[in-house]
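J.: Listed here are the chains, written in short residue letters.
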Amino acid sequence: MDVIRQKLPSGQPGQTDFRSQQLRARDMLRGDLEGPELEEYVQSRIITTTLDKAVAWARGNAMFPATFGLACCAIEMMSIVAARVDVARFGFEAFRASPRQADLLILSGRVSIKMAPVVRRIYDQMLEPKWAIAMGACSSSMGVFNNYAIVPADKFMPVDVHVPGCPPRPEALMHGILKLRQQIQLDPALGWRARYGATDTVEVLPDEGEQLLARADELTVMEPGEPKGA
Amino acid sequence: MPDATGLELLAGGLRDKLPDAVLGTLHFRGKGTLLIDPRHIRATLQHLREQEGWTFLASVHGVDYYPEEPRLGVHYELLSMARQDRLTVKIRVHTEAPTVESVTPDWPTADHQEREVYDMFGVVFEGHPDLRRILMPEDYQGHPQRRDFPIGGEPVLFTHDESSNPGWTR
Amino acid sequence: MDAMSDITTTGADPAAGKSAYRRMEDSVDLSELQHPVGDLDTELLTLNMGPHHPATHGVLRLLVQLDGEIVRDIKPIIGYVHTGIEKTAEDKSYWKVIPVVERMDYLSYFFNAYAYCGAVETLLDLEVPKRAQYLRVIHMELNRIMSHLVWLGTSALDVGAMSMFWYCFREREQILDLFEQSTGQRMHTRYFQVGGVMEDIPDGWIENVRKFTAKMPERVGQYRALLNKNEILLQRLRGVCTLDEETLFGLGVTGPLLRAAGNPWDLRKAMPYSSYEDFDFQVPVGTEGDNYDRYVVRVQEMLESVKIIDQALDNLPEGPTITGDRKIALPPRHELATSMEALIHHFKLVTEGFRVPPGEVYFPCEAPRGELACFVRSDGSSKPARVHMRDPSFVNLQATAPMCKDAYIADLIATLAMLDPVLGGIDR
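Chain order of the listed sequences is F, L and E.
All residue numbers for the first sequence refer to the working numbering, where the first residue is 1 and numbers rise by one.
All residue numbers for the second sequence refer to the working numbering, where the first residue is 231 and numbers rise by one.
All residue numbers for the third sequence refer to the working numbering, where the first residue is 401 and numbers rise by one.
Calculated from the structure, these hints are not laboratory results.
Heads up, some of the hints might be wrong.
Here are some, though not all, of the chain F residues that point toward chain L, as calculated from beta-carbon distances under 7 Å [claimed, not checked]:
no. : residue
1   : Q22
2   : K114
3   : M142
4   : N147
5   : Y148
Taking lysine-lysine pairs in the DSS-like style, the calculated list, with each CA pair at most 27 Å apart, reads [unchecked claim]:
no. : chain 1 : residue 1 : chain 2 : residue 2
6   : F       : K155      : E       : K492
7   : E       : K492      : E       : K707
8   : E       : K707      : E       : K611
9   : E       : K492      : L       : K320
10  : L       : K320      : E       : K783
11  : E       : K707      : E       : K496
Just so it is clear, CB atoms sit at the ideal spot from N, CA and C, and this is done for glycine as well.
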């Protein structure tokens, strides 16, 4: 029998293509992987330890949302803290004012172009692991208003769950939050760069903008007012 | 509302005081409007407050009359609480010379409202204590609520173009 | 110290309107700490509050110049939730503007819709049926109660009385249930249409409203029992950030703020619209113009709204709920099967919309925060040429600086709460 050894492409486990994942799986089942390769493989596939599982369970059950009410959806977000749809049942009633202490950003309301850098800054100030929910139609897409003044949240920050509605009922927002909780408790990839495969992204400070524009042919730089781009 | 004759009397009183201020009067749906020369707006409002009792300035807002010239209009809505009466004072300026004397020193309520008219339409209020953009970012270019400013927005995503356009929602 | 013993008793002096603690504070003269030129020891600190701040009631940014803990100047910076609603409204036909315009002042959506529909009805010279007017009044007053409940819940939260939030939102949920039953949506209901209301109320709605209005006075009594004589609330609100009526008048402030200062101007009484002259209610007016009066005026307004709703339900007339003019309002669905004209009207209204004769109209109404007016300019086509909302919070915000001058930061927070700014209306 021919034993074919194939060198796997180096890099993050999540970034290999399907064929090499298949080969690794086959090697693992046949007992051909050993040592650090085996550990790497196992870690990338399942939460091995009970400790990881417990930590993920605890994370999901005690998230601290950041108070980020922008517009009408904020009133419905306040409704979920109220007694009818009580978010304290799930452990989320501790809304933190400081983003440094929060791990969930519920973007409730329309993000205007003046507010977008502020939102991004607050998202950056949050500590890993952090998640974001785009609540309502305006933050998920442009919503009711498709005009010069609004930015959809996906354009400048990664969003995990979009909750549609204008405004979404408190039950709908609760459903979105619970979906996120399920994702946290089951999915091992925690940092947003790993979740989105965004390892090549770069954070740009406003003063670096000119230099980046000079390198515009190798980077994709979006001009203001230009909807197309990556 | 001053009825049509009351409006004409008002305009007549104003013409006596400020000869070339009143360019026209209009009575529409039970409400009176005075069309005033932009150079006399502050004096007109003062006269209306002191002589005629229109003491409350409810609103200062701009209108773009594109394509009619003069294009940019500023409306001043006056209210007399004693007589439960309303009056509109209108001025119109061209885009090339959009300067109007600010009424903020006499009417403090016009502060933010004139800034909004400047921000959205580009009407420059001379004598305003702090004329900066109020709703748009400070370094924004353009005056969004003019009729020839594009409405902007993102293209609507359908199934056939969601991966190519705009591409950041992959 | 004698002053300390004054603090522990109820130090409210009805003659001065201020507690002993406040009088002690006022007796300290800080005028030599005015910003002098070239003196490094006394410098004003500029502190930026917001736009992301738990107590600024939305995305309001305040640049506060502080002298220790005393506020010397405030510059509000707004625009962080500017949505270009007025520009969007120029792009849509008259019917489709209603949901867009509702989302401006997001706590008083019925009022936004009413101001706009009233303006378009004035342009069209259209008469609204009596039943529709009464239904509009009922929904608007329910909305007024709901807006004041949200105000009370969040303001009490800011001042420290956290449990009020849950009580007020419990009542708010009941009102939203009523809205959902009659209009189908909790917020931004799109119920007011040009010419009347969308549909008639369902069976059982009137009984539900009566159940609500029967219990509401007792609930307001409970809020008062919690807050009105609470020592902490009194010290934080009584005599704090008073502004006299002339300054407020000059600043264009309307609504409960002006009424708390003593001016009884209320559009529902002074220039009645939409059958408000049929109802017997009172307008609460304050005497001193401090934060406590603003609080008391709004709480009393909730009770007056309950009275209006009860009277409207008692005298609700029969009749159509929207104008019969088929060129403006959609024909009822059953007519579409039999009448050709109804089909054509329906088609034209849905695709193009109705045309409005050219003209300009400024239509005011009394929103929970003050005079909310809609300016509509039409040029004869099926889309408005300019829609502008004169939002009360936008104009009322100019009163922040004079009110909070020489007050503490904590008083600034309490005053912002009592001002009741809603940033959606400010920024539009």
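J.: Of the hints stated earlier, which fail here?
T.: Hints 1, 7, 11 not satisfied by this model.
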